[in-house]
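Engineer: Heads up: the protein sequence lines correspond to chains L and R, in order.
Oh and the first sequence: position 150 is 150 in our numbering, straight run, nothing missing.
Oh and the second sequence: position 80 is 80 in our numbering, straight run, nothing missing.
The hints are simulated quantities; they were obtained by calculation from the structure and are not laboratory data.
Treat each hint with caution, since some may be false.
Derived coverage of chain L by chain R (criterion: at least 3 residues anywhere in the stretch with Cβ under 8 Å from a Cβ of chain R; other residues may be distant) [as the list claims (entries may be wrong)]:
| hint | region |
| --- | --- |
| 1 | 15-28 |
| 2 | 36-50 |
| 3 | 81-89 |
| 4 | 109-117 |
| 5 | 163-173 |
In silico negatives: residues of chain R with every beta carbon more than 10 Å from chain L [to be verified]:
| hint | residue |
| --- | --- |
| 6 | Leu98 |
| 7 | Gly99 |
| 8 | Trp100 |
Think of the CB as a built atom: it goes at the ideal place given N, C-alpha and C, for glycine as much as any other residue.
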Amino acid sequence: MIERRAIIGDALALGLGTGIYAVSFGALAVASGLSAWQAQALSLLMFTGASQFALIAVVASGGSAAVAIATSTLVGTRNAFYGFAMAPVLQPRGLRRLLAAQATIDESTGMAARYEGDPPSARLAFWATAGAIYLLWNLGTLIGAVGAGLIADPNVYGLDAAAPAAFLALVWPRLTDWPMRGVAIVSLVAAVALAPFLGAGLPVLVAGVAGIVVGLALGAKASDA
Amino acid sequence: MWPTIILASGAAYALKLLGYVVPQHLLDTPLARRITLLIPVALLSALIGLWTFVDGSTITIDARVPGVLAALIALLLRAPFLVVIVVAAAVTAIVRLLGWLP
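The shape of chain L in the complex, shown without the other chains:
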């Protein structure tokens, strides 16, 4: 019971943090030339922050619609892998499966991953996190989009550090052994090193695959020993 309350508390806390970040998305979207309605539609329909930021970045730089769609789609490719990872835990059927798909984002998958080997807690973490973030991400977008004129540059408030900090907090409980730490370090360094050479979206996927390969190699060694 205490665990249940702790999971919901963490979900709300993460929702609040993400909501703060959503304010910067709403403000930047309007600064990029979108209407407040269009910014809100992205948060309601697309509901995957990195892709939303990628899309407005292309729009702001004067890129074509095709490039904007391609970039945001490539950045969102990881959600397919998250769904692949969450399917055996959630085992959703019918309408629940359609809802689970929309709820599959970095935070809900990351929070569920903290409860490896405890499917009921993982399911609660997934749905509570997705629900809290859906509400607060959209509320934050609304505040940012409507108040865009008041916030000239949201980065003044350090909001651009909120997302990497939140993700660090998400992976933190999983970094208890060296194979996992190795995966995190290799993925992080590879993504940064590849960023100047690959277009938006690709560094994450290539670095992620590199990290997974390293994890399998390190894991194999550990089980042989």
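Once you've looked at the hints, dock chain R against the given chain L.
Structural biologist: Just chain R now, kept in the frame of chain L:
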């Protein structure tokens, strides 16, 4: 702009759904199970790197770096989620305000 938003959102949803419609038996091997455990850690770590050290396609050290380092210290001190996020934003904002880093 509306067609771009609708098409990009549709593609995003199709990708999310894809993971759930892949046949379950493909997941039912020891290798697939180990990979599914590694996926969130690998991809989130890659995003942490990009959102801390990269601006556009340029590697850069700006005020986000001390912010994320402060988040790391907060985690080492077992701070709760919201504290970690607020500490990161506050440190980044202060470093920018003082003009130490852009």
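Engineer: Indicate, hint by hint, whether the structure satisfies it.
Structural biologist: Structure-based check of each hint:
1. Counting residues of the region 15-28 of chain L whose C-beta lies closer than 8 Å to any C-beta of chain R gives 3; at least three are required, and the coverage claim holds.
2. Only residues whose beta carbon comes within less than 8 Å of a beta carbon in chain R count, and the region 36-50 of chain L has 8; three or more means the coverage holds.
3. Counting residues of the region 81-89 of chain L whose beta-carbon sits less than 8 Å from any beta-carbon of chain R gives 8, enough to reach three: the coverage restraint holds.
4. For the region 109-117 of chain L, the assignment as covered by chain R holds, since 4 residues bring a beta-carbon within under 8 Å of that chain's beta-carbons and 3 suffice.
5. Coverage of the region 163-173 of chain L by chain R holds. Counting CB-CB distances below 8 Å, 10 residues qualify, and the rule asks for three or more.
6. Every CB of chain L lies more than 10 Å from the CB of leucine 98 of chain R, the least distance being 12 Å, so the non-interface label holds.
7. Against chain L, the non-interface label of glycine 99 of chain R holds: every CB pair exceeds 10 Å, the least being about 12 Å.
8. Look at tryptophan 100 of chain R: its CB is around 13 Å from the nearest CB on chain L, clear of 10 Å, so calling it non-interface holds up.
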